[in-house]
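Residue numbers (the working numbering), protein chains in the order written: chain A, 3 to 491; chain B, 3 to 491; chain C, 3 to 491; chain D, 3 to 491.
Hints listed in this document are in silico derivations from the structure and should not be mistaken for laboratory results.
Note that the coordinates shown come from a computational prediction; the quantities given were computed from them, not determined experimentally.
Errors might be hidden in some of the hints.
One copy or two, it doesn't matter: identical chains are merged, so the pair holds either way.
[Said to hold, decoys possible] Under the rule of at most 25 Å between Cα atoms (straight-line distance), these lysine to aspartate or glutamate pairs were calculated in the DMTMM-like manner:
id, residue 1, residue 2
1, 16, 272
2, 138, 60
3, 360, 224
4, 360, 272
Protein chains: 4
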Amino acid sequence: MNFTNPFLDRDGDKLREECGVFGVIGAKDAAAMTALGLHALQHRGQEAVGMTSFDGSEFYSHRGIGHVAQVFNSAERLAELPGAMASGHVRYSTTGGSGLRNIQPLFADLASGGFSIAHNGNISNAMHLKRDLVQKGAIFQSTSDTEVIIHLVATSRYPTLLDRFVDALRMVEGAYSLICMTSEGMIACRDPLGIRPLVMGRIGDAIVFASESVALDVVGAELIRQIEPGELVQVDHKGIISSHRPFGNFNARPCIFEHVYFSRPDSVLDGQSVYGVRKQIGVELAKESLADADLVIPVPDSGVPAAIGYAQQSGIPFELGIIRSHYVGRTFIQPSDGARHADVKRKHNANRALVEGKRIVLIDDSIVRGTTSMKIVQMMRDAGAAEVHMRVASPPTEHSCFYGVDTPERSKLLAARMDIQAMAEFIHADSLAFVSIDGLYRAVGEAGRNKGCAQYCDACFTGDYPTRLTDLAERDTPDLLTLPINRVA
Amino acid sequence: MNFTNPFLDRDGDKLREECGVFGVIGAKDAAAMTALGLHALQHRGQEAVGMTSFDGSEFYSHRGIGHVAQVFNSAERLAELPGAMASGHVRYSTTGGSGLRNIQPLFADLASGGFSIAHNGNISNAMHLKRDLVQKGAIFQSTSDTEVIIHLVATSRYPTLLDRFVDALRMVEGAYSLICMTSEGMIACRDPLGIRPLVMGRIGDAIVFASESVALDVVGAELIRQIEPGELVQVDHKGIISSHRPFGNFNARPCIFEHVYFSRPDSVLDGQSVYGVRKQIGVELAKESLADADLVIPVPDSGVPAAIGYAQQSGIPFELGIIRSHYVGRTFIQPSDGARHADVKRKHNANRALVEGKRIVLIDDSIVRGTTSMKIVQMMRDAGAAEVHMRVASPPTEHSCFYGVDTPERSKLLAARMDIQAMAEFIHADSLAFVSIDGLYRAVGEAGRNKGCAQYCDACFTGDYPTRLTDLAERDTPDLLTLPINRVA
Amino acid sequence: MNFTNPFLDRDGDKLREECGVFGVIGAKDAAAMTALGLHALQHRGQEAVGMTSFDGSEFYSHRGIGHVAQVFNSAERLAELPGAMASGHVRYSTTGGSGLRNIQPLFADLASGGFSIAHNGNISNAMHLKRDLVQKGAIFQSTSDTEVIIHLVATSRYPTLLDRFVDALRMVEGAYSLICMTSEGMIACRDPLGIRPLVMGRIGDAIVFASESVALDVVGAELIRQIEPGELVQVDHKGIISSHRPFGNFNARPCIFEHVYFSRPDSVLDGQSVYGVRKQIGVELAKESLADADLVIPVPDSGVPAAIGYAQQSGIPFELGIIRSHYVGRTFIQPSDGARHADVKRKHNANRALVEGKRIVLIDDSIVRGTTSMKIVQMMRDAGAAEVHMRVASPPTEHSCFYGVDTPERSKLLAARMDIQAMAEFIHADSLAFVSIDGLYRAVGEAGRNKGCAQYCDACFTGDYPTRLTDLAERDTPDLLTLPINRVA
Amino acid sequence: MNFTNPFLDRDGDKLREECGVFGVIGAKDAAAMTALGLHALQHRGQEAVGMTSFDGSEFYSHRGIGHVAQVFNSAERLAELPGAMASGHVRYSTTGGSGLRNIQPLFADLASGGFSIAHNGNISNAMHLKRDLVQKGAIFQSTSDTEVIIHLVATSRYPTLLDRFVDALRMVEGAYSLICMTSEGMIACRDPLGIRPLVMGRIGDAIVFASESVALDVVGAELIRQIEPGELVQVDHKGIISSHRPFGNFNARPCIFEHVYFSRPDSVLDGQSVYGVRKQIGVELAKESLADADLVIPVPDSGVPAAIGYAQQSGIPFELGIIRSHYVGRTFIQPSDGARHADVKRKHNANRALVEGKRIVLIDDSIVRGTTSMKIVQMMRDAGAAEVHMRVASPPTEHSCFYGVDTPERSKLLAARMDIQAMAEFIHADSLAFVSIDGLYRAVGEAGRNKGCAQYCDACFTGDYPTRLTDLAERDTPDLLTLPINRVA
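Make a model of the complete structure from these sequences and hints.
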């Protein structure tokens with residue numbers, strides 16, 4: 003009935019980041035700042051949002067289905083979240099009202115006091131740990147992997163909360179960037195590989211943590227630095243900051259796809275401008291796979307920076323050959339005798355007057371299932387394009403992600419099923435090329451990929467997973483704990 | 003409570019088209035096609051939408067506050083609008099639930115049967131006509147100027163409905179592109195000056211009318227031609243089309259601002275690609291007012307085509323120096339100690355890594371109040387831009403529109419209050435230039451503006467209004483009929 | 003989705019009053035008082051409610067589907083209805099959201115100024131008048147018969163508004179108790195036969211009008227007197243009251259069913275206590291049709307007063323043998339293998355411990371279709387009653403009402419289809435008796451019914467309609483104006 | 003905003019039962035039957051409702067704020083609760099949307115499988131137990147005392163679920179009638195004192211449990227017997243019933259106030275008709291405290307049975323001197339210059355024509371704060387009553403309840419603050435009398451109250467609490483666990 007996700011494009015043939023986190027301690031209006039920061043991270047999770055605040059004695063929470071600006075839509079709402087410390091979370095993957103209990107930050111009253119946690123990432127041995135905890139009498143209130151951490155903290159035998167927290171994290175494998183709150187202050191933490199991003203900033207006397215630097219920009223904070231892989235930063239209510247490295251030394255493996263698609267182009271990630279990297283991927287792509295064409299046309303909006311790079315490198319003019327509608331709704335009734343591909347046309351429409359008779363290079367950031375690419379190539383042909391050459395600003399996506407990105411099963415990934423020639427035929431392009439994995443590493447400033455010891459997590463391209471995948475390995479065992487998410491409201 | 007207009011940017015310092023219309027006759031699923039067509043015209047009116055259909059014996063209507071995809075969000079809803087003929091309307095200017103009665107198409111049971119009307123434009127003697135009708139006993143159900151036409155038809159003494167309709171239109175002055183329905187068929191009509199656009203297309207055996215050609219594209223119809231200024235086209239249920247010219251010969255004066263901003267870039271208007279015209283304005287602007295700079299940066303999204311033209315003409319690279327968020331909500335609570343201009347940053351954020359230390363040319367389509375321009379220039383400076391030169395793809399907007407565009411009072415138009423030098427200082431730009439009126443006419447393919455007999459309505463730039471403005475002239479007389487719109491729910 | 007009418011019992015086999023009206027002039031908080039007064043009249047119309055107020059210069063309105071306490075549920079809502087004069091209306095008969103435009107008070111901007119009207123009753127020549135008005139160019143915005151009066155006022159040739167109003171009413175036939183507002187003040191008026199009730203009261207300097215005296219009680223006003231049949235009372239903003247008799251002399255025929263069922267027992271009607279009359283009907287019924295039984299059991303709640311009278315006259319003890327639930331919802335999903343008649347049991351449940359083995363007299367106010375009576379008799383038998391005698395506190399309901407009461411078609415009235423013996427068998431009662439028409443007249447204080455010149459409208463019992471029924475007579479003629487109510491939203 | 007509780011009378015100066023439970027196993031449409039059964043128990047809890055079902059492999063739940071007929075308002079909703087076993091719960095005490103997590107049945111995935119619990123009563127050592135559980139690492143998801151039982155089951159060391167459940171209950175003190183579900187079947191259980199009621203019935207092959215027998219009537223089931231105090235009944239999916247007595251022998255102490263007010267008059271409780279007991283209280287009251295008066299008038303609706311008994315015993319006629327509105331909303335805006343006590347008048351209005359000049363005996367079931375009694379006495383005087391004698395069908399309510407009834411603090415109970423003479427003056431009655439405690443015991447069929455060993459829990463009248471009140475005793479100790487219910491949403 004209500005149209006909670008007007009921006010969500012369910013047909014979107016894209017990998018989707020599953021979460022964004024934001025936290026602030028020491029700010030007069032922490033809740034309003036958190037709402038604004040989450041709004042800047044909305045692209046990381048558009049289905050649900052939650053916030054928890056602490057006013058020195060009590061914790062307060064509010065969660066809802068929908069966008070930040072829908073759920074936190076009034077001064078009254080924010081006034082219900084008082085205090086100088088607040089943290090929040092945006093997410094995908096929650097369907098229907100029944101999922102309210104899965105919306106983060108999760109909160110529990112532990113013996114030591116209140117504890118909240120907001121998590122970006124995915125724990126790859128969550129089911130294994132949950133089974134053991136339930137045997138010991140733990141009762142789970144959500145189906146979120148994140149809740150495992152809370153129960154591990156609650157049942158740890160260590161004396162201090164920080165010790166119990168580290169004890170819990172040592173049992174966990176996978177990807178996590180966490181923002182936690184206790185009555186003592188805020189803890190921000192990144193897994194030893196640093197798979198998901200997390201940055202720290204400052205505004206006045208307040209300390210801010212966020213998934214991406216753009217959230218610092220928008221609230222007016224300055225970027226201090228990123229939280230290092232394996233680092234745990236504690237901030238108390240006096241503003242005293244302490245850094246811990248409880249996991250020893252690891253080679254970090256941050257997600258390279260953040261540079262390709264997930265992060266906003268105006269973010270700075272691992273010290274590099276995302277926009278700059280994307281343009282540079284376009285440059286590499288033009289060097290590797292130049293097409294003889296009249297126009298460079300981005301698939302909007304994610305293909306735009308690479309297309310600008312490709313155009314500048316190649317000298318072929320950059321033009322808007324596809325116009326994107328800003329009003330893409332989730333469901334729309336199709337007329338049965340309407341146009342072919344009306345669903346795509348609602349979102350993207352050919353700039354026919356421009357395209358007609360021209361040889362074009364289409365630039366997109368990635369190909370997942372290939373269905374959208376096929377429709378867009380056809381749209382260009384229907385608009386009269388003489389030739390359509392597709393260039394993709396990432397290597398072929400052949401493997402699923404288990405670190406907090408919503409990927410289809412491997413069998414549905416076009417690149418897992420076909421070679422490039424077959425893919426070109428499938429999408430009906432005159433030619434198709436992907437940037438090489440080394441080209442991608444060059445664009446992020448490396449000389450190339452270190453085979454023995456890759457600098458990034460690039461498992462979706464290479465299948466080289468940097469952690470064990472315990473739950474996946476155990477999945478064949480039937481297990482009462484692998485309940486469907488919507489089993490009980 | 004509900005967040006009906008997530009896309010609406012109330013701070014948007016833009017002129018706004020007030021309406022879009024769509025109609026189809028002879029299609030199996032007329033209502034679904036109309037919903038899709040209105041969706042493609044959503045940029046012309048984002049606050050409310052209505053649709054009326056006819057199934058051969060009865061008329062059916064549904065109206066609602068919100069976007070097309072919100073109001074017509076289910077197959078059940080569309081099933082309540084049966085029949086092979088349907089028409090619809092999107093609009094701005096309706097605030098709150100109380101305005102349901104003003105949502106078009108308006109409908110009345112006349113003695114001759116049902117009559118519906120959807121109107122894009124504004125009748126400049128509506129108050130004058132309404133006062134006279136009320137004296138004779140007419141009871142108005144809306145505060146819309148459009149209702150005047152229905153009452154004129156209802157009380158006309160001519161025998162046939164077509165004669166009564168023409169009789170009514172002859173009393174009306176101003177801008178109107180109309181799509182009407184009777185039990186006999188559909189009537190599309192454009193005022194003698196053709197101020198607002200209206201096109202005709204075909205899909206299979208069905209005839210389609212729409213404000214812009216993009217709506218034909220999206221439903222899969224082919225463009226036949228535009229309805230000519232002063233033309234009235236009738237289509238009956240057998241598909242027989244007849245054209246009438248009831249108003250004699252006029253020099254047409256279509257709105258030139260449709261080319262500058264209102265229409266979608268993928269529409270074709272007066273035989274010209276809107277995208278092409280906008281790029282050409284950028285070219286003219288670069289010829290007239292070249293800036294010595296490192297980067298050409300569009301104010302997204304409306305400044306992009308002119309910026310591409312400016313970049314191509316000048317050789318200065320086109321870059322995305324401002325990133326636009328897709329998640330702009332209507333209301334948002336500001337943290338009091340947040341950044342300066344957080345409201346603008348929610349929508350637009352500087353690509354700091356790109357801009358820092360650079361001399362930039364900002365390209366926008368127009369300047370209305372100047373408040374947004376001022377904030378964006380400041381955002382570029384805060385991001386480290388060395389120089390900021392503003393170039394505007396239209397002449398200074400000095401006059402209000404009375405033909406269906408929502409303009410602020412003249413006293414709030416920056417160009418009505420200042421000369422260009424003062425404006426540059428107000429927005430804090432290093433330099434400011436507008437395209438000349440002749441440059442604009444060149445971009446639409448003319449040699450220049452014909453002074454004695456302008457080819458377009460350009461009153462917002464020149465003050466040269468092509469019709470009388472009766473209500474405006476009579477406004478000093480106190481009048482019980484000039485009731486506030488929301489007086490009675 | 004929302005459960006707007008939790009109290010409404012759609013299965014209720016009852017005739018239903020269709021409207022209640024309330025108005026006040028000269029009160030500081032007229033809107034709050036009107037809400038409270040309408041709340042006391044809620045039993046006269048539970049589906050929709052509207053209110054219009056006047057603050058000395060503007061009129062304000064709000065309407066909604068649901069109960070008074072749902073629609074006027076906040077101080078903010080009432081603050082939107084400022085001024086010292088207000089009137090309101092509760093009604094049945096509006097289905098779905100589409101009926102908003104039919105919710106009264108209706109309002110129009112006439113040449114002489116604003117005019118609002120709230121109507122209890124039914125105009126029996128409305129279609130005839132509407133056809134004529136539409137021929138002359140009138141455009142109707144509702145499908146309510148009441149709107150005819152507004153158009154007649156708008157098009158009357160008389161000079162003053164009062165003359166135009168009387169001119170309009172002279173063309174109208176049927177039942178109407180009206181509360182109107184103009185910028186000059188309030189007009190209350192009752193049709194020449196006085197079919198529907200209307201009373202006048204005073205609180206401080208304010209004058210109050212209402213359908214029933216209970217509304218005066220609840221707002222704290224004292225009853226002055228009823229508006230006489232054919233009387234028109236005007237009150238201006240200074241509190242000056244003038245009474246007019248524009249229709250000459252008639253024999254009044256107020257509705258006798260108001261005493262039987264419609265009015266609240268705590269109202270005083272035609273100078274008589276409704277509760278007292280109902281008890282007296284029970285006394286007459288016991289005199290006419292004594293049953294040899296152990297217990298007198300009312301069908302709650304409407305049968306209670308007559309049952310008390312019957313018990314007092316007969317000496318048989320009054321007992322609650324049927325318990326009524328207060329939580330009767332509109333829709334409820336039946337278990338397929340649940341009890342027989344679970345739908346009735348949700349509302350009424352047998353007090354089995356009391357009834358078992360007893361001979362009982364059931365007292366109900368009326369029998370309409372007989373379906374509920376049949377179920378209740380069966381419920382008593384299932385609970386172990388030895389004998390079930392039904393006594394009814396009104397004569398057999400054989401005819402439809404055309405004066406503002408929702409009656410089924412005549413063919414569905416049990417008494418129109420069967421004699422009393424057959425009715426007894428249909429409802430499976432051991433005996434069945436109705437009070438006689440003269441017994442009913444005795445209960446309201448008459449010696450009996452005057453055959454030539456009945457003192458009340460009792461057409462539902464006798465078929466003796468006191469007015470012409472023009473629309474009914476013309477109904478065979480197909481007519482484009484008899485549109486279904488929900489044709490256009 | 004929404005008006006979820008139109009029936010709820012917050013001003014109601016009554017003690018309130020806090021919960022009702024219903025369960026069925028072995029029925030084809032268990033969810034629909036449960037909804038119907040809960041609807042019949044709606045008077046036991048009007049603020050929230052929940053249901054859980056089991057289809058042989060999975061558990062399903064739905065909960066909501068509002069009435070049964072609002073929350074389970076569609077076939078689709080019930081279809082989401084498949085299976086032949088279902089149980090549900092209605093409750094008071096949940097304020098705002100934040101309380102969703104406290105709505106029962108509570109559900110947990112234990113190591114042994116799913117476990118649901120619905121509870122009527124109150125655990126008087128819940129805080130004490132909770133503190134201990136949290137120390138051991140338990141994480142509570144609700145603030146309900148009932149959740150303690152689940153954690154005790156989850157952490158018990160006994161091997162079978164039944165043993166773990168009994169182990170848990172042995173640690174619990176207070177009042178509980180429970181309906182639990184596991185994958186093996188249904189368990190119904192009543193605390194050793196049998197404070198709250200619970201009955202068992204049969205319909206076809208299905209077994210039904212409910213708080214009151216009226217719920218069996220309404221779903222068409224026959225009453226088998228009550229669950230005995232201290233009894234635990236297990237029913238498996240084959241319909242095999244086993245009874246256990248795990249707590250040894252106790253003297254039962256069922257709540258006597260169920261007879262006075264909580265239960266529906268058409269229920270049978272402890273083998274006695276509730277209606278019959280209430281009438282007999284009226285008889286005892288007339289014997290003990292006859293008043294010299296003209297009319298016996300019940301305070302509707304709860305005073306009606308005792309008033310009938312009083313009238314029959316005394317020979318004074320029973321009359322409806324107070325008319326109750328069925329449309330009592332939660333919030334209502336008062337006109338400032340309206341009548342005195344308009345809030346009471348919305349609910350109760352004097353039948354002035356009856357009362358005027360008469361000496362009346364008012365019969366009410368109980369006096370709590372006395373505020374409503376005061377207003378009703380005044381209402382009778384304002385309506386012209388010559389004398390007002392109040393008779394109360396229970397002894398003075400001097401003590402709070404800690405067993406599942408919502409009572410004000412002791413200091414707000416009128417009878418805890420004043421003697422009877424002072425109470426008579428406070429409510430402004432000409433005389434006031436309460437039934438004696440022995441009279442009350444006689445009405446339930448005893449010879450009188452056994453002083454040493456009372457047959458019922460009558461602590462609200464006598465202060466003789468049948469269990470320890472551990473949490474109350476420990477309340478002085480500050481405790482982080484006594485969190486306000488709405489602390490975290």
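Structure-based check of each hint:
| no. | hint | in the structure |
| --- | --- | --- |
| 1 | 16 to 272 | within (23 Å within a copy, 38 Å between copies) |
| 2 | 138 to 60 | between (30 Å within a copy, 22 Å between copies) |
| 3 | 360 to 224 | between (46 Å within a copy, 21 Å between copies) |
| 4 | 360 to 272 | between (39 Å within a copy, 23 Å between copies) |
Comparing the model with each earlier hint shows no violations; every hint is respected.
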